Amino acid sequence: MAVSGLARLATSAPAAIYPVVGKDGLAAVEDLSLHPAVSLQPTPRHASVLLVSGEIRRGDHPALRRLHDQLPHPRATLWWRTTPAPGFPQAENVEGDVARAVELVWRQLMTGERRSEDNLLPDEPPAAWRGKGDHGQGGEGMMGGKPYGRPMAMTDEDQRDGLALDAYTACFGPFLSVLPPGLLLELTLQGDVVQSAKVLRAPFAQAVADEPLRRVARLLRPLGLAGAAERFQRTAAAQTGDLKILDRALRWSGALHAIPPGLGEIAGEDIRASLRRWWEQAQGIASPASLGDGRLVDLLPGLEWSEAILVANSFEYDRLLRLCPPDREDDGDQEDCS
Amino acid sequence: MEVKDLAFFVLAASAVWTGWRVFRVDSMVRASFSLMLSFIAVGLIMLLLAAPYIGIATVFMMAVEMMVMALFMVMFMMNPAGLNPMWMVHQHRLAAATGFITFAALTIAVLLSDLPGNPVDPAKPVIHDLGVELLGNSMLIFETAGITLLATMVGTVILSSRSGRYGPADEGSLPPPLTPGGRPAGRVPEDEE
Amino acid sequence: MSAAVPIIVLFYVLGVGAWLAAALDRAALKLMAGRPLAAATMAEPWRQGDLHLVRQRIWTERPDAMNWLLAPALYLILAAVGMSVVPFAPGFVVADLDAGIVLWGACEALTVVVVFLHGWSANAPLPLIGAYRYVAIGLSAMLLSMFVLIAAALPAESLAVSAIVESQASVWNVVRQPPGLLLFLMLGLSLTLRGPFDYADASDLAGGTSAEDSGPARAAWQAARLAMLVSVSAMTSAVFLGGYHGPWLPGPVWMLVKMAGVLAALVGATHMLARLPPARMLTLLWTVLLPLAFLVLALVGAEVLLWK
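As you go down the protein sequences, you meet chains Y, W and A in turn.
Numbers 1 to 338, taken from the working numbering, label the letters of the first sequence in order.
Numbers 1001 to 1193, taken from the working numbering, label the letters of the second sequence in order.
Numbers 2001 to 2308, taken from the working numbering, label the letters of the third sequence in order.
Be a bit skeptical, because a hint or two may be false.
[Said to hold, decoys possible] Stretch-level coverage of chain W by chain A, calculated; a stretch enters the list once three of its residues show a Cβ under 8 Å from a Cβ in chain A:
| id | stretch |
| --- | --- |
| 1 | 1018–1032 |
| 2 | 1046–1060 |
| 3 | 1067–1075 |
[What the hints assert, rightly or not] Computed far set for chain W versus chain Y, every beta-carbon distance over 10 Å:
| id | residue |
| --- | --- |
| 4 | Phe1008 |
| 5 | Leu1037 |
| 6 | Phe1039 |
| 7 | Phe1103 |
| 8 | Leu1112 |
| 9 | Pro1125 |
| 10 | His1128 |
| 11 | Thr1144 |
| 12 | Thr1152 |
| 13 | Ser1160 |
| 14 | Pro1175 |
| 15 | Pro1176 |
| 16 | Gly1181 |
Derived by calculation from the structure, the hints in this document are not laboratory data.
Computed from a predicted structure; not experimentally measured.
Where a beta carbon is used, it is the ideal one built from N, C-alpha and C, also for glycine.
Please put together the full structure from these sequences, using the hints given.
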């Protein structure tokens, strides 16, 4: 039985989770990620368990439904620190030891004891073909029309070197792992450069545990330092640890030098300075500073994708909320980014 | 028929077929890389002709060139439009006529010329000889061509870039005056005098 | 000796090397994260790979299915072809080409194409951005490696990898041109999408070109990346670390030891060094590292002229 042998071996791997973080759910998910029996995945395609942690806005339910269907079979959904929302029929609520619950669900999924959850949405293109051409193309010439609801590419003004490239507008969030949870951005990109940004929904408030060490970890992750970030998180969760090792990991990685000077500067403090200040705060050298506010959307245009991600992850949560006033009123029912 | 002959026919057929696919596929990226495959087949034929350096260098150069070409296409038509079907030909009557005439001319040229029939001795250091030729008798030609191409590329980038020496090019960049408050320095076009 | 033996050995080394590289990668991550290391780390790659195999492969809306399927296979083939010119002992090589390092260069160039195709074909924004910016960095790093390889070939006066290894019988190239080794290791990171040169499958893109991969496709892509890492380590050992040359031990053993060392160094760099934003990296590549590569080439040229 080769298949059951495979399944048995797969069961012994850590449970692959995609966390959907809601209000006040971030610190708990970060602490869960330290558990050896689970492994947090950066994208739903790599996960088998969808873990909703904390309360989710009603307006985010359509996005969550789409996200649910992106998990490969076999899959399961667990709601933790909140109750399952209507419209998620096979969801299960978790109380108490979440790591154990995840492990159990994972094992049942892998051995086939638990049925994989069905799609919540019909598996069909969001828009029908509306091309015009008789050769399969969108329009009458080489291109044009609006095939599958998407307009064909058109060049747009550029702000850097005058090279007019295609502008591609899309929504990113609200549960994209590289952005603060809940933040829904509409970005217009030229290549990997952000031309304009709009905040459609603000990030969730995270009342608990926004210690400097956690903030450092959140900034190290997009720099490709997953291991070091985990060590910072672990120290933050245990509230004790050898700060010398952390100091070495931070300095030798060149993280401070990798961040361009002047990036994400508000009121005279750029990301590099923030990172340094957080690290000094964690060591007890510096005290928290209260800094001026601006708008996140003013910081992003002209930045390259990875710089934009660094900027989005470079603020304390209470400050980030002040930086992200939604650009339009959210009525909660509107389907975003279709 | 030897293995080499068979390899030649297979490679030649795949060069033609992938070249034809360039015009039949419905995406720019596929078209670019079909062209790359066609060139790779030609590069491998070079290998059969005992020109290993030129053959492999063709593969190498074409991979880089087609990559840059595909990237520029994506720059101008970012996802998702690139994967929406496109019709990859335009002015096809003119193109087909030109292609046919060129093909006929080249075929006639090949058939009429007296092709040499002396196989290369496998022990001959062909790469060494090529190096000596490139940096010996033919050095002036190749270096002139190389420097000209480089100067063209640098010049194109400078001419097309927005940031000029005296500010953004589309905001009327002018050199500073030689005396305070005077006319901008440098040559004044005749029609503006 | 049958011509099939080197081919079998090549695939064997690629396979075992890929597993070793995956285990080292897990171990380095745990070390950095401060997790306890256990012997079970060696088995983890199997569990992970196996996990992918039991999961469903998902297709996105209107993907370029052919290229999505082909990309991992081509990546793996390029790793094998690139390694085929590396000798493991005198005369023990799959293809002893006169233009061996040019073939390796062609594999580098085609790797950029394959990674681009992998990101392009999923028809999704994050993989496409990964593919897009990888081309900018990957092509620059590859250009640089050409000068580095030519500098390594100069003392041998040949483009054949076996001749380059032979030329290091007395002095290894790493002694002659230490910056060359560093620059080539950087290329290795770029070719295998790792650490500070991981612009394709990066963490700031939630997985980049493999963000939409699931199931067997993901296992195949990861395996191909690891195979390319082994291939890079073989090339580095042959061109800069004297290949099978070394005292006391037999040649092939030296070769394997050196490969393992290079693997460990590359895996370590993956987890220890921060990734620069692409614009900053591109500036560094063109204004600092490329002139450095030129300088190395000129110095080696002068050395060969004066002392040979």
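Each hint tested on the structure:
Here's how the stretch 1018–1032 of chain W fares: 3 of its residues keep a CB closer than 8 Å to some CB of chain A, so the rule of at least three is met and the hint holds. For a cut-off of 8 Å, the count of residues in the stretch 1046–1060 of chain W with a CB near a CB of chain A stands at 6, and the three-residue condition holds. With a threshold of 8 Å between beta carbons, the proposed coverage of the stretch 1067–1075 of chain W by chain A holds, since 6 of its residues qualify and at least three are required. For Phe1008 of chain W, the non-interface assignment is confirmed: its Cβ lies about 35 Å from the closest Cβ of chain Y, beyond the 10 Å cut-off.
The Cβ of Leu1037 of chain W lies farther than 10 Å from every Cβ of chain Y, with a closest approach of about 22 Å, so its non-interface assignment holds. In this structure Phe1039 of chain W is separated from chain Y by more than 10 Å, as the shortest Cβ-Cβ distance comes to about 24 Å. Interface exclusion of Phe1103 of chain W from chain Y stands, the closest Cβ pair being 24 Å apart, more than 10 Å. At roughly 39 Å, the least C-beta separation between Leu1112 of chain W and chain Y is larger than 10 Å, which holds for a residue marked as non-interface.
Consistency note on Pro1125 of chain W: stated as away from chain Y, and its beta-carbon is indeed over 10 Å from all of that chain's, at 46 Å minimum. Against the 10 Å criterion, His1128 of chain W stays outside the reach of chain Y, whose nearest CB is about 44 Å from its own CB. For Thr1144 of chain W, the non-interface assignment is confirmed: its Cβ lies about 30 Å from the closest Cβ of chain Y, beyond the 10 Å cut-off. Once the 10 Å rule is applied to beta carbons, Thr1152 of chain W is consistent with being away from chain Y; the minimum gap is 18 Å.
At roughly 8 Å from the closest C-beta of chain Y, the C-beta of Ser1160 of chain W falls inside 10 Å, breaking its exclusion from the interface. The claim that Pro1175 of chain W is not at the interface with chain Y holds, since no C-beta of that chain comes within 10 Å of its own (minimum 20 Å). The claim that Pro1176 of chain W is not at the interface with chain Y holds, since no C-beta of that chain comes within 10 Å of its own (minimum 22 Å). Distance to chain Y confirms Gly1181 of chain W as a non-interface residue, since its nearest Cβ pair spans about 30 Å, more than 10 Å.
In summary, the structure is inconsistent with hint 13 from the numbered list given earlier, while agreeing with all the others.
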